[in-house]
Structure formats: C-alpha cells, structure tokens
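Here the protein sequences come in this chain order: A and B. Note that the numbering used here has the first sequence beginning at 1, numbered continuously upward. Note that the numbering used here has the second sequence beginning at 1, numbered continuously upward.
Keep in mind that the hints were calculated from the coordinates and are not lab data. It cannot be assumed that every hint is accurate.
What follows is a list of derived Cβ distance ranges for each label pair [claimed, not checked]:
no., chain 1, residue 1, chain 2, residue 2, range
1, B, 47, A, 183, 40 to 50 Å
2, B, 48, A, 182, 23 to 33 Å
3, A, 216, B, 65, 15 to 25 Å
4, A, 220, B, 22, 36 to 46 Å
5, B, 46, A, 182, 20 to 30 Å
6, B, 22, A, 203, 45 to 55 Å
7, A, 129, B, 35, 29 to 39 Å
8, A, 44, B, 32, 35 to 45 Å
Among chain B residues calculated to face chain A with C-beta under 7 Å, some are [to be verified]:
no., residue
9, 26
10, 27
11, 29
12, 30
13, 33
14, 34
15, 37
16, 38
17, 43
18, 44
19, 47
20, 48
21, 52
22, 53
23, 55
24, 56
Here are a few chain A residues that sit away from chain B, every Cβ distance over 12 Å (derived from the structure) [what the hints assert, rightly or not]:
no., residue
25, 31
26, 34
27, 129
28, 163
29, 194
Where a beta carbon is used, it is the ideal one built from N, C-alpha and C, also for glycine.
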Amino acid sequence: MSIFRSIVFSSVIAGFIVGLIVTVAQQFGTVPLILKAEVFEKAGETHQHDAATAAPAAGHDHASHDHADHDHGAGAWEPRDGLERNAYTAAANVLTAIGFAMLLAGFFAVRSGATGEGVSWHEGLMWGLAGFAVFTVAPGLGLPPELPGMEAAPLLSRQIWWLVAVLATAAGLALIVFRRSAPAAIAGVVLLILPHLIGAPELAHGQSNVPAALLHQFVTAVTVTSLVFWTLLGAVTSALFARFDSGVARA
Amino acid sequence: MSPSQLTNAQVTHLPVAAGQVGRLSQALMAMVLGVFIVGVVGFSHIDVVHNAAHDVRHSNAFPCH
C-alpha cells in the first residue's frame, strides 16, 4: 500500500497548508460578502435571529461570540457566528483541500508510473489550473456562485448539472491534452460545450433580495480565491508527492 | 516466435505490469476516497453538515440551499 500511503500523506499535508491559506483569503474575499448577503436574506424572512454580526470582522468578534447562547430557533444545529463559524469553515476548507489533493495526487501517481519520471511542481501547477477549469470555471458558467438569500432551482437538479459539467469538462480536457489527434480534439471541444448546450437548471422567475453589485463582487471573489486554491494545491501536492514517492522508490 | 522467447518476455514484463496495476489501483482507491471526502463536505444534504460547511460551499460555488 506504499503508493496509497504516499498519496494520503502528501495530500493531508498539502490540504492543511492550502486549506488554512485559503481560509485566510476567504476572510478577506468571500466571507464578508456572505455575511452582508445574510442581512438581506434575514430581512426577507421573519426570523428572530439578530444579524448584528454582519460587520466584516475577521475573527475576533467577542461580543457576538458571547451572547449567542441558546437561541438558534427551531432549525438544525449551526455554528455560532464568529470564531466557531470560522473554525468550521477552516475545517471544511482543509477537508475539501485534502479531498481534491488526493484526486490530484492519484493522477500524479498514474502519470509518474506511466512516464517513469516524477511530476514536477510546475506540472502540478498545470494540473491545478486544470482543476480550476474543471471545478470552478465550467460549472460556474451555468451556475454562477450564489449568495445566501438568492432563489434558485431545486438543489438536487443543480448538483446533478454541476456533476455533469465537471465530468464532461474533465473528459474533454483529457481528450484534448492526452490524445493529440484531430478527431479527439473535436470530441473534446464538443464535450466542453455539451453541458452548456444542455443548460443549467434555472428558475423561470428567480427573485433575489441581494443587490446585483454585491453578487458581482462575490463572483469575482469566488473566482480569485478558487484560482489561489487550485494553483497552490496543484504545486504543493505535486512537490510533496514527488518527495514521498521517490522516498518509497528508494526504500 | 519460439516458446523460449515467449517465456523470456513474460518473465521480464510480468513484474513491471504487476507493479503498474498495483500503482493504478492504489491511485484509484485514493482518488475515490478524495472524491468521497469532497462529496460529504460539499454536497451532503444533511442539515448539520450543510450548516458547518456553509461558507465553504458558497465560497467554492458548490450548489447550496
């Protein structure tokens, strides 16, 4: 199980590094906009929740942390605003980064097995860019990043389309990059376009309390933080995997 | 092609092939596990998981709500 272990070790370390860096980036990029949108979301509902924590404070909001003692209504558990919420965000970021790193490192293992050479950090960076195209750009064309309080088509239908877009884009890129023939390239481009011809599920009359300017800022913030995530993840995971893998080969 | 050549080829190529298959299956196992982790964090419909990972789902543009 040595290669499996190399993949897991390098992915866990890369996941912690990248997940924590991205958590910091999100505190400046996406999270303040999510909190702002929640003010509009809660204004639209009749909720007894107070939205006083909407100020884009980066972490140390003791006031909001202390007074929220047992008033989260009838809904399911959710983390308290402030430190607890950000801690869960950091944990979810680390787990997401570990998961995607395992996917990338799996490809690195197959690639280096086929070519006989380790995957360089630069090649890893390119794989990271491919991840950005597959997991952010392609699904984002049909389903742009959403803020809380926006109405959207049913969740499951959007998740299914998201998955179709990801699979078709990954397959399309693979055909173009790894099979250097004209028919494969044409099939690849068709696969890239296909999910957008099908079209993402949409509401006929989607209404939103969220201002368009806020949403535009959010789309930019999501795209930039995802680019940071994927380029870092590709480079760091490949560098770590090359170390662990060569260590295994020598042993 | 004589039988001796055939066995020779098998002897030299089998270990390499077995190593490749092991590498591929281990890589696939790791990839499936990775996708499973992302799936639970980003796509699970369980309320508690959704609430804990809420800001990450929005920040990654995963379908949410």
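For which of the previously enumerated hints does the structure constitute a violation, in increasing order of number?
2, 5, 7, 18, 25, 26 and 28
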